[in-house]
Amino acid sequence: MTDVSRPAGVTDNVVGGTAPVAEPGRRRSPLTIAVVTVVVLVLAAAPLFLAPFATTTLTRLLLFGLLAVSLDLLVGVTGLPSLGHAAYFGAGAYAAGWVSVHVTAAIPVPLLAGAAMGAVAAAATGWVAVRSAGVYFLMLTLAIGEILAQLAQSWDSVTGGANGLSGIPAARLGGEPLLNAGYLYWYVLVVGLVAFALVWLLARSPFGAALRGIRDNEPRMRAIGYPTVVYKYAAFVAAGTVAGAAGSLLAAQQRLVTPSDLGFTTAALVLLAVVIGGAGTLWGPVVGAAVVILVRDALGPGLGGHGELLLGIVFVLVVYLLPRGAAGLAGLRPFRRRRP
Amino acid sequence: MTGWVAANLISVLNGLAIGALLFVLAVGLSLVFGMMDVLNLAHGALFVVGAYVAAALTGGSASWGAFLGALGLAAVIGLLAGGLLSVMTEPLRRRSHLDQALLTLGVALIVAELLQILFGDDPLAVPAPPGLDGSTSIFGAAYPTYRLVLIGVGAVLAVGVWLLVERTTLGALVRATVADRDMVAAIGVDNRRVKITVFALGSLLATVAGVLGGPVYGASVGLDSTVLILALVVVVIGGLGSVRGALVGALVIGQIESLGRALLPDLASFVLFGALALVLVVRPRGLFGGRSGATA
Numbered sequence: 001m002t003d004v005s006r007p008a009g010v011t012d013n014v015v016g017g018t019a020p021v022a023e024p025g026r027r028r029s030p031l032t033i034a035v036v037t038v039v040v041l042v043l044a045a046a047p048l049f050l051a052p053f054a055t056t057t058l059t060r061l062l063l064f065g066l067l068a069v070s071l072d073l074l075v076g077v078t079g080l081p082s083l084g085h086a087a088y089f090g091a092g093a094y095a096a097g098w099v100s101v102h103v104t105a106a107i108p109v110p111l112l113a114g115a116a117m118g119a120v121a122a123a124a125t126g127w128v129a130v131r132s133a134g135v136y137f138l139m140l141t142l143a144i145g146e147i148l149a150q151l152a153q154s155w156d157s158v159t160g161g162a163n164g165l166s167g168i169p170a171a172r173l174g175g176e177p178l179l180n181a182g183y184l185y186w187y188v189l190v191v192g193l194v195a196f197a198l199v200w201l202l203a204r205s206p207f208g209a210a211l212r213g214i215r216d217n218e219p220r221m222r223a224i225g226y227p228t229v230v231y232k233y234a235a236f237v238a239a240g241t242v243a244g245a246a247g248s249l250l251a252a253q254q255r256l257v258t259p260s261d262l263g264f265t266t267a268a269l270v271l272l273a274v275v276i277g278g279a280g281t282l283w284g285p286v287v288g289a290a291v292v293i294l295v296r297d298a299l300g301p302g303l304g305g306h307g308e309l310l311l312g313i314v315f316v317l318v319v320y321l322l323p324r325g326a327a328g329l330a331g332l333r334p335f336r337r338r339r340p
Numbered sequence: 001m002t003g004w005v006a007a008n009l010i011s012v013l014n015g016l017a018i019g020a021l022l023f024v025l026a027v028g029l030s031l032v033f034g035m036m037d038v039l040n041l042a043h044g045a046l047f048v049v050g051a052y053v054a055a056a057l058t059g060g061s062a063s064w065g066a067f068l069g070a071l072g073l074a075a076v077i078g079l080l081a082g083g084l085l086s087v088m089t090e091p092l093r094r095r096s097h098l099d100q101a102l103l104t105l106g107v108a109l110i111v112a113e114l115l116q117i118l119f120g121d122d123p124l125a126v127p128a129p130p131g132l133d134g135s136t137s138i139f140g141a142a143y144p145t146y147r148l149v150l151i152g153v154g155a156v157l158a159v160g161v162w163l164l165v166e167r168t169t170l171g172a173l174v175r176a177t178v179a180d181r182d183m184v185a186a187i188g189v190d191n192r193r194v195k196i197t198v199f200a201l202g203s204l205l206a207t208v209a210g211v212l213g214g215p216v217y218g219a220s221v222g223l224d225s226t227v228l229i230l231a232l233v234v235v236v237i238g239g240l241g242s243v244r245g246a247l248v249g250a251l252v253i254g255q256i257e258s259l260g261r262a263l264l265p266d267l268a269s270f271v272l273f274g275a276l277a278l279v280l281v282v283r284p285r286g287l288f289g290g291r292s293g294a295t296a
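Sequences listed follow chains A and B, in order. If you count the first sequence from 1, position 67 lands on 67 in UniProt numbering, and the numbers rise without skipping. If you count the second sequence from 1, position 133 lands on 133 in UniProt numbering, and the numbers rise without skipping.
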């Protein structure tokens with residue numbers, strides 16, 4: 001999807017001529033560092049200015065942003081568009097919620113349980129999915145996600161069935177429950193930043209470079225000796241792990257997990273977030289997730305709970321008008337318009 | 001012992017009824033993909049449109065006029081919607097499958113929400129036409145007559161679609177386009193007209209399946225993704241673009257859905273996924289899949 005190569009002579013081009021637009025650059029300009037610092041500081045200070053409700057909304061934006069980042073590892077970096085990624089998010093949420101109810105809510109136990117469950121669920125189902133490519137992958141992940149959602153719906157004794165897993169206690173840090181919206185926000189922010197950094201490092205590593213190689217030309221990668229299926233499987237499990245961690249944050253924030261959290265609609269919304277934000281940039285999908293959650297949760301009630309109608313319209317418009325997402329807008333440069 | 005046999009006979013019959021319905025639904029999805037290379041994720045929404053049309057027209061009181069009227073209206077809506085979807089996906093012809101899937105997904109979201117606004121959140125029942133709403137005794141077990149008729153109608157439609165695709169000029173054109181689109185264009189056939197026709201007919205089958213399935217499934221919010229998943233699994237198992245594959249896949253999934261839920265109620269989802277995984281490990285392109293649709 002992002003195989004447009006830049007013309008020769010572009011200053012920030014990496015050695016070798018053609019860098020995909022989406023690739024994180026090697027040299028950090030002072031401006032980028034400044035922007036990142038300011039964003040992190042503003043995010044860290046936000047609960048000091050915001051009302052509790054706004055803080056809670058921001059908490060949800062962050063955890064859905066982390067989910068979108070984990071999906072971007074699949075969609076943008078590896079080129080595997082998944083329509084069932086919410087399954088691992090939901091699996092992690094259920095695991096974290098169950099552990100909080102039945103074992104302990106002490107941080108980091110639910111977080112680790114969620115991440116582990118995300119990894120296990122992705123490992124158990126991913127081996128079938130990564131054997132396929134293109135539209136088969138899309139359909140298979142859709143089917144896997146829906147089957148896991150049905151499982152959550154029918155496995156009453158563990159998941160609470162259609163009513164969801166309720167009564168999840170507040171996450172505890174050092175014996176103190178995080179009841180204050182601000183403290184919970186900081187917990188989500190810290191986990192989110194660390195996980196984002198890990199995904200970013202993974203995408204920059206030689207492993208990430210191999211994944212982008214698979215995205216751009218899988219037969220060639222196979223020909224030069226990469227076991228591409230193993231790489232795709234590893235990326236799938238890694239994305240599932242991060243999604244599971246994001247799910248544990250959802251369980252801590254919502255204190256309720258329902259089958260719809262891992263259903264088709266959630267999976268579609270996250271994919272929309274990645275596409276709106278611009279696949280492959282990692283930061284773009286966070287912005288996309290913010291837009292999607294704001295439209296659904298903030299504008300939705302004003303439309304009588306039909307925010308998804310608006311989202312459907314956004315979907316259609318994005319496909320026609322913004323094929324590269326918001327990050328594609330940021331990447332537009334004057335010279336690109338003059339290209340033949 | 002006889003009770004066990006009777007119980008499972010019912011399940012097998014249920015499986016045949018579900019399979020017949022799934023075939024009508026999935027064959028459209030399969031041909032649209034095989035023909036046009038478009039994964040139409042709005043296919044489930046079309047089914048639900050048919051179901052709501054049936055619920056609105058029959059309105060709780062069963063009559064043949066209302067049921068046949070619903071079939072006719074759903075067919076017209078299906079034709080128009082299919083033509084519209086075909087036109088909407090045309091500008092994305094050269095783009096990735098993901099873009100087309102996203103577009104149809106957006107359409108599916110819009111349709112589902114509009115139906116929810118129009119008809120409310122509560123599930124609506126669709127009564128079977130008079131005469132078919134009773135039950136028939138089969139080896140001592142009572143079985144809904146409508147489902148038996150549904151099996152028959154499904155068989156007739158399957159034969160009809162098979163004859164249309166295998167024995168008519170239009171069918172030959174469709175098969176040729178599945179095999180090699182550019183060559184068909186090169187000998188002077190307007191590809192777009194064939195596409196619109198197939199998309200319209202595939203969507204018609206989906207809305208008609210919604211009406212036919214009404215007395216079994218009713219019309220409810222969320223039904224669209226359930227049937228879309230089942231249809232996708234059928235198409236993946238059978239192979240994209242193959243009528244025979246859709247038929248075999250639908251019958252297999254019908255039995256898994258019905259017998260699996262009767263015998264292993266807790267594991268039904270796993271059985272469904274297991275069957276999907278097994279077929280894909282043995283035949284990655286599906287049971288009857290050719291080369292078409294194999295590439296990204």
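Honestly, the hints are just simulated from the structure, not real lab data. Model, not experiment: these values are computed from the prediction. Hints are supplied without guarantee of correctness; some may be wrong.
[To be verified] Which bits of chain A does chain B cover? Going by a derived footprint, with three or more residues having C-beta under 8 Å, they are:
| # | stretch |
| --- | --- |
| 1 | 90-96 |
| 2 | 270-284 |
| 3 | 306-320 |
C-beta atoms are modelled at their ideal positions from N, C-alpha and C, and glycine is treated no differently.
Now for the hints, and whether the structure bears them out:
Only residues whose C-beta sits within less than 8 Å of a C-beta in chain B count toward coverage, and the stretch 90-96 of chain A has 0 of them, not enough to reach three; the restraint is violated. With 3 residues having a Cβ less than 8 Å from any Cβ of chain B, the stretch 270-284 of chain A passes the three-residue criterion, so the hint holds. Only when three residues or more bring their CB closer than 8 Å to a CB of chain B does the claim for the stretch 306-320 of chain A stand; here the count is 12, and the claim holds.
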